[in-house]
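**Q** Listed here are the chains, written in short residue letters.
There are 4 protein chains.
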Amino acid sequence: MPNTFGHLFRITTWGESHGKGVGVVVDGCPSNIPLTESDIQKELDRRRPGQSKITTQRKEKDIAEILSGTFNGMTLGTPILILVRNEDARPEAYAEMEHIYRPSHADYTYQIKYGIRNWQGGGRASARETVGRVAGGAVGGKLLEVLYPSLEVIAWVSEVHGVKSFCDPNKITKETIESNILRWPDSENFDNALKEVEKAQKEGDTVGGVIDCVVRGMPPGLGEPVFDKLEADLAKAMLSLPASKGFEIGSGFQAARMRGSEHNDPFYMEGKRVRTYTNWSGGVQGGISNGENLFFRVAFKPVATLAKEQKTVTVDGEEVLLRARGRHDPCVLPRAVPIVEAMTKLVLADHALRQKVLDCRP
Amino acid sequence: MPNTFGHLFRITTWGESHGKGVGVVVDGCPSNIPLTESDIQKELDRRRPGQSKITTQRKEKDIAEILSGTFNGMTLGTPILILVRNEDARPEAYAEMEHIYRPSHADYTYQIKYGIRNWQGGGRASARETVGRVAGGAVGGKLLEVLYPSLEVIAWVSEVHGVKSFCDPNKITKETIESNILRWPDSENFDNALKEVEKAQKEGDTVGGVIDCVVRGMPPGLGEPVFDKLEADLAKAMLSLPASKGFEIGSGFQAARMRGSEHNDPFYMEGKRVRTYTNWSGGVQGGISNGENLFFRVAFKPVATLAKEQKTVTVDGEEVLLRARGRHDPCVLPRAVPIVEAMTKLVLADHALRQKVLDCRP
Amino acid sequence: MPNTFGHLFRITTWGESHGKGVGVVVDGCPSNIPLTESDIQKELDRRRPGQSKITTQRKEKDIAEILSGTFNGMTLGTPILILVRNEDARPEAYAEMEHIYRPSHADYTYQIKYGIRNWQGGGRASARETVGRVAGGAVGGKLLEVLYPSLEVIAWVSEVHGVKSFCDPNKITKETIESNILRWPDSENFDNALKEVEKAQKEGDTVGGVIDCVVRGMPPGLGEPVFDKLEADLAKAMLSLPASKGFEIGSGFQAARMRGSEHNDPFYMEGKRVRTYTNWSGGVQGGISNGENLFFRVAFKPVATLAKEQKTVTVDGEEVLLRARGRHDPCVLPRAVPIVEAMTKLVLADHALRQKVLDCRP
Amino acid sequence: MPNTFGHLFRITTWGESHGKGVGVVVDGCPSNIPLTESDIQKELDRRRPGQSKITTQRKEKDIAEILSGTFNGMTLGTPILILVRNEDARPEAYAEMEHIYRPSHADYTYQIKYGIRNWQGGGRASARETVGRVAGGAVGGKLLEVLYPSLEVIAWVSEVHGVKSFCDPNKITKETIESNILRWPDSENFDNALKEVEKAQKEGDTVGGVIDCVVRGMPPGLGEPVFDKLEADLAKAMLSLPASKGFEIGSGFQAARMRGSEHNDPFYMEGKRVRTYTNWSGGVQGGISNGENLFFRVAFKPVATLAKEQKTVTVDGEEVLLRARGRHDPCVLPRAVPIVEAMTKLVLADHALRQKVLDCRP
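Protein chains in written order, with the numbering used here: chain A, 1 to 362; chain B, 1 to 362; chain C, 1 to 362; chain D, 1 to 362.
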């Protein structure tokens, strides 16, 4: 249902961008998983506004408080409520939004769907909602650490306004990605990419891009055939992110230009382990992980809020020009990296639990 | 859950490719919707094997029988069970699959997930499972006809092994698409596209491609913000299809190369209706339809079963060479068109019912 | 959702009483569980009409056909479709029901809810719907046999129209219960009970009663606290049965007349196992099984269809007298015994799988 | 799933009795429903500890804070987070519970289920969890006011340790029930009932009882046939309450002693409205409301925590004697009245939304 994600490992996010706070209830997390507030804070800090000159300057410390579900640093198996109070909400900056629909925002669609909207800063349609996802993903990550100690989820910005990065998904490290404000894996093209962002920022404009994500140390057998294929749940997770427009697993759209004899991943044995020579599949076959690295990509559109003048209409049907105020990112990609990772962990944590149900062998 | 799709309008498909039959239970369809077996048969006939020289020659008439849920040609509001018996199952053609994993098939992943598999023809991983989806989508289509008489869902093959078609999604007709065996909208490039398929077929190989889909006459307000965004549910629907590898809504991956000032869709008034000048959004904003045409694309990999020799391994970990037998499509795209449409209708029918819940205004 | 029961081990029943057939889809059953049609038939035969002189004389052999989900006598982990064709449907016997609401039947409420109903024999409100439950429960029973080999579910008729049976739930056997047409555990009061049924039958009337159920060999730890307490899911399961009016676990309504010092079940050690001296709890504490016998009771009203004349109204709002035709049980209790057992197995199978998710200890 | 109740109108409660706080997320509430904190506070005050001499003396003001989901006193259609901080938690009073299982409490079953428990005051098994239910029920109540202005949900204590009250469910008022500390409808027997409670309290003992509940102004058509019958969902709701042991709808267990000719509720016309002369059905037929008053009863066991010495065991398997400390109710019934009402409203709000889906007539 709309604000809940996952079947067995489930999060429900809540909170409006300019209300009292945002957060998440994590339900279905098994007991006896180590979990403290710092596990969550670490990830929230990567998502936080104001972390660099190319992110929104809204001042939110985003301090996570766990109100339930843990005891002496371990999960109880009961719902985990994580609360982040809003501090730097400035609803007055949005006064004109009460009457005007911002182009390519959710203002109009919320109004027509609900007949009411919190016009102060986007409400639930704001990227601020992803605080709850990142907090929930941090809990999912702790569960995965217990279940699969060698599993790693790593995302990075692979494209910004046409500038592409190059890296080997089998080797890229978190350290490399965290070493720069773009979360860019490739020192060669870094300056060009940054230039695109800064140029847009200076012009009151914004740019889109692509995030790549790899999961190494994947166990085989995760994902369910038919509707809840691993790639289907990942696609849903990613297309549920604000501003995302596309998803590819493995070969993605490139598959459309290939023949079966090229695209098939031949099997071989590595000791007792079944491996594939290539990985066009992106780590899944028939919707189920095959133990190779999971690899997928997510396209993001440029942020819709611009300082440039745009044509739009009012709630009363009058055509007007709008130059948006408020504090916004010129490029959502760097802050979206921990969000993509969080959603990935949520999908994997859920499917890890689902797989535990299946095995009835004595 | 794995074999169920939808929250309020729900289908559960069942059946193995070479078992006794396949089908679907549709639950949650409101009462008093006109529905007969011919409504379903019409769509199944578009999906049926053997419909042209470029599809598998398996002989299945795919006759749909409604066993419950209707009375005098109207739905009762109770579960609708639709059964299609398998007729031309030839499990013996798959005898060697008991011991060998076909590359880029689900043989290995099913075995490791379940510890057992019906190795006769792919079981649930076979495209034959989509009979239930198409039957369920036909029911969803009948509901949509009642709720939104002017809504149209039209898909077509827009790319085959690098050959692209051109058409205007705002004007393309079902008649044009159904007029040729490729479900190709564009007479100019048709021969080139067909040549790609036939060449692959002759060489025992297969080709991938892309399907585009448009929904015209969309009501605004469908889709739920946060996790069940309309594009998120569409992405899941499409990535749950056998052989799909990518999904784009509106601008898709192209958005990564755009600026906000280009990508934003400015609003204007068309009489009392709010419209946008462009439609890079693909008909959704904040996960909710805005009344413009819904537009998305799905990438499909080439079919994995080849007549060419490939490297693989046995269930006992022996490396072997395999030249697959069985009857298969050289290109899954033309038969995937009605399946993409069916999944689209299922997503829309579900969200249409979900929207009915929200309105409590007197 | 309405026609689906269970979270992980799920059944969806379908079919109308006088349509083409009835049945069930079982989804979520793990793979590698032994299952054949005779496992299901055995339970259906206990539910079948016409099995004795005190049941309806409708002639249904109720032959179960498994259409999917098994392979060589084992479950595949995929949906199991079980179909029972209706054979002795006589819709013409119900012709007058098109216009008249039978008192204390679902005719009126279906009509007002759906604006349409299959008036031929009660549709989904008929006890015939329970064919799917019994078939699904048989699958659940096979899973429980694998998970908990010493677990036993035994139900019996404990009261008929005020005549009560006496037996020790810790010792009663299936053989005793199956040895008579009332499924009555107590030879002493059997004749009195049977007399009540036969007297009602002769007078065109019907009688109510109570079914008791015990589960022996219960593992501790099943059931989830808060909303999905084991007794809450059992209560829902039982109150979802046609004609049921009440549910008690352990002490039940008797608890209202007790003090805590009487009602508490003191703990003691039996070797390494924690036991309780008494079992007023009925085997659950805080919604979770404690390893003692589960014990609960279900009240059933007398069957609503009578051969006696009754006051009622037509669909057009005319007051009329009705003397119902059709073939009906004078007392639903004996045939409800396998249905109560089936629902119990479904609840336990579901909670058994749910418990598997929780344990993440290495 | 365990901490979530409802399909369309859903609450998820969270929080441990002696943790930082307790509360609820309400998801699925339509937009534009009037809602303020005082709507919630009003109901929480009826549930609050320390409200009279016969309730626990724990000092909790139970102040509700709405953190999300409303705007200018109206619901937004987004999740509503309600937080109540714990103030008078005294975990030290429970120190011995770390090692000892209290008889007929959830200490043992939680430990065996989760391998860990918050032993400070019962955690989620404490009646304190019901704060979230009452807050959620208050929201449900506001929705029902909009949908069915004349609907009333009224519960009362109908039995305490064998002393019964008498009242006419068709006439009893909230004022009468709220006028005394027992929430007892009947002045005649009030003193006897109170004496039972006070006597138990003085002796360090506790007593059980029964709560009756009526819903007047019921619309016909609520409840779904088969598994989600209105009485099935009510039974689950009630058996999910701490200490509840039984449920009856309409005639309940009395039905077992009746004949069909007595039990059937004959129909008649009251103007254009279909009515029944009697109401043994309790307002439901075939699981669907028929427009008559809904009437059901819930049995509660005596509170398990006693000041009397009891036999029990430690977590290490040692047999010991326990005299419990802590602050507890001698009789849970008066405070359970608003909880029963809250759960009833949640069931009705959910089914009211479910019914909105069905109607597709133009």
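Derived from the structure by calculation, the hints contain no laboratory data. Heads up, the beta-carbon is just placed ideally off N, CA and C, and yes, glycines get one too. Heads up, a few of these hints could be off.
On the chain C side, residues computed to face chain B include the following (Cβ under 8 Å) [unchecked claim]:
1) T4
2) E16
3) P34
4) G50
5) I54
6) G77
7) P79
8) R117
9) I172
10) T176
11) I177
12) S179
13) Y277
14) V357
15) C360
**Q** Next step is simple, just say for each hint if it's right about the structure.
**A** Against the structure, the hints:
1. T4: holds (7 Å)
2. E16: holds (6 Å)
3. P34: With a closest approach of 12 Å, the C/P34 hint is violated.
4. G50: Hint on C/G50: violated, closest Cβ of chain B at ~23 Å, above 8 Å.
5. I54: violated (29 Å)
6. G77: Check passed: Cβ of C/G77 comes within 4 Å of chain B, closer than 8 Å.
7. P79: holds (4 Å)
8. R117: holds (7 Å)
9. I172: violated (36 Å)
10. T176: This interface hint is violated because 37 Å lies over the 8 Å limit.
11. I177: violated (32 Å)
12. S179: Since the shortest Cβ distance to chain B is 36 Å, the answer is violated.
13. Y277: Nearest chain B Cβ about 42 Å off; hint violated.
14. V357: Cβ of C/V357 sits 13 Å from chain B, so the hint is violated.
15. C360: violated (19 Å)
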